[in-house]
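A.B. asks: Residue numbers (numbering that gives the first Met the number 0), protein chains in the order written: chain A, 0 to 141; chain B, 0 to 141; chain C, 0 to 141; chain D, 0 to 141.
Worth double-checking, as some hints may not be accurate.
[Unchecked claim] Which residues of chain A face chain B? A partial, calculated answer using Cβ under 8 Å:
id, residue
1, PRO31
2, LEU61
3, LEU64
4, VAL123
The hints are simulated quantities; they were obtained by calculation from the structure and are not laboratory data.
Where is the CB? At the ideal position from N, CA and C, for every residue including glycine.
Below, each chain spelled out in residue letters.
Protein chains: 4
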Amino acid sequence: MTVDRALLTEITFHVRFAETDQMGIVHHSVYPIYFEEGRSAFSREHGVPYSSLEQMGYSLALSELNIRYLSPARYDEVIKVRTWIDRLLSRGIDFQYEVLRAASDELLVTGQSKQICVNRQGQVRRLPEAWIAPLKRKAGIE
Amino acid sequence: MTVDRALLTEITFHVRFAETDQMGIVHHSVYPIYFEEGRSAFSREHGVPYSSLEQMGYSLALSELNIRYLSPARYDEVIKVRTWIDRLLSRGIDFQYEVLRAASDELLVTGQSKQICVNRQGQVRRLPEAWIAPLKRKAGIE
Amino acid sequence: MTVDRALLTEITFHVRFAETDQMGIVHHSVYPIYFEEGRSAFSREHGVPYSSLEQMGYSLALSELNIRYLSPARYDEVIKVRTWIDRLLSRGIDFQYEVLRAASDELLVTGQSKQICVNRQGQVRRLPEAWIAPLKRKAGIE
Amino acid sequence: MTVDRALLTEITFHVRFAETDQMGIVHHSVYPIYFEEGRSAFSREHGVPYSSLEQMGYSLALSELNIRYLSPARYDEVIKVRTWIDRLLSRGIDFQYEVLRAASDELLVTGQSKQICVNRQGQVRRLPEAWIAPLKRKAGIE
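Given these sequences and hints, build the entire structure.
C.D. replies: Spelled out as structure tokens, the structure:
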């Protein structure tokens, strides 16, 4: 089911020095970590903290990741990460992302990732209702 | 121009402990670094070392990255990374990757990335002939 | 010259998922990055941003790093990093750090690092007066 | 008990591009990971693989880390890491490290780390005899 983009979380933070490479820009492998930070913030903000899913014995395993790099970010810049749900499925969640330069709102990177719910044995499972319910309510899904 | 998959480089190495996360598996943000290792080895092996491209004043900037995660890798396992050129363009290179468990040849992750040639000012440029010539010869491209 | 510990910067942030390892705790190699974040925040806050030192053609190269690990941090916890100058030298700065669990102020990690000022050729140089002056004024050093 | 430095493991590998920072050198937070790679190789080579310690329900938790940075490493250089045991204790191991440029044997970084044996609850425990015995035999310790 497609969820309204209004259900969106924005975070801002400074680029870390260690995230740069010898091209003088943020290394491309850092953006999956920015996206993950976006998901963590999204889950806290919308009442479905990822840490509580883990306490219930489940994880969201990444199955797919797609990134487009438009413009580089640099050390000490303030970066904005927008995270929203593209699709909420019974056994997983698809997220989308935009990374922007906070000062100008210039779009730097876009991405999407697919996550599937697995138990501690790595078997695919339905997202536990107790965890996902607050999000469904916000999204107007019964 | 499409390049024969025969022009392929394989490397093997152990998974590092620091590459694992609290799920007990290699974190998904590590695979772009494995791919990059694949490109480095590919470029050395085929007579077009990436470090020499940089000495000529050019870089290959990532413009797109797509990854599919099939099965997790774990600490201390020996991993095999296969890297080959999907398309060789005048201003860039598209690479493809397979990451396998070396012991069983089980396929763990597949990926592709697009790189574009930029100069030190970040402007898109043709791949310098002096750098790319050995690869073209191997690939049978005039 | 020894600088008053009052000249201290505190930052707080969430532990990132990617920073954990398969022991379920923040990997020990992450704390040097937390320290660096502390230095970045310290330099911004005290009017001597590190990025402006780099624009003047200088860097602070780490020459020594010592860390003691007392207790582990975990995913999604809020962490506090305290950073202060231990010694301000003509050609370098010694920093000290404390990492605490923000909720309880439990001390998790302590550290110190020595930085030396180098130019773009990697040669040791005096810290440029134009950069360090605001810090000296705050510290009451003529 | 002090162990002979002859019980030493050397590994060599290429510096990864992602390990560089905007100073054009390997970021200082990477060396703890090189040291860890040294410990992993040491433990495999001497018949006490770290993964088997973990299977017995124990981990080696880092309690202290000290690093001196003498000279920088750069992308694609071949690096040599020497790892040896400084002290073998009933509840822990102290390791020492040297990182060298393989081409010239120039010493780049030295370090030491202290590890303590903990069980899955994080309690300090004796190193299990079944794991450490092969190492003690090699070291001539009864």
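A.B. asks: Give a verdict on every hint.
C.D. replies: Going through the hints against the structure:
1. At its closest, the beta carbon of PRO31 (chain A) sits 4 Å from a beta carbon of chain B; the interface hint therefore holds under the 8 Å criterion.
2. The criterion of a C-beta within 8 Å of any C-beta in chain B is met by LEU61 (chain A), whose closest approach is roughly 4 Å, and the hint holds.
3. Among the interface hints, the one on LEU64 (chain A) holds; its C-beta lies about 5 Å from the nearest C-beta in chain B, closer than the 8 Å criterion.
4. Among the interface hints, the one on VAL123 (chain A) is violated; its C-beta lies about 13 Å from the nearest C-beta in chain B, farther than the 8 Å criterion.
Hint compliance for this structure: hint 4 is the single one not met.
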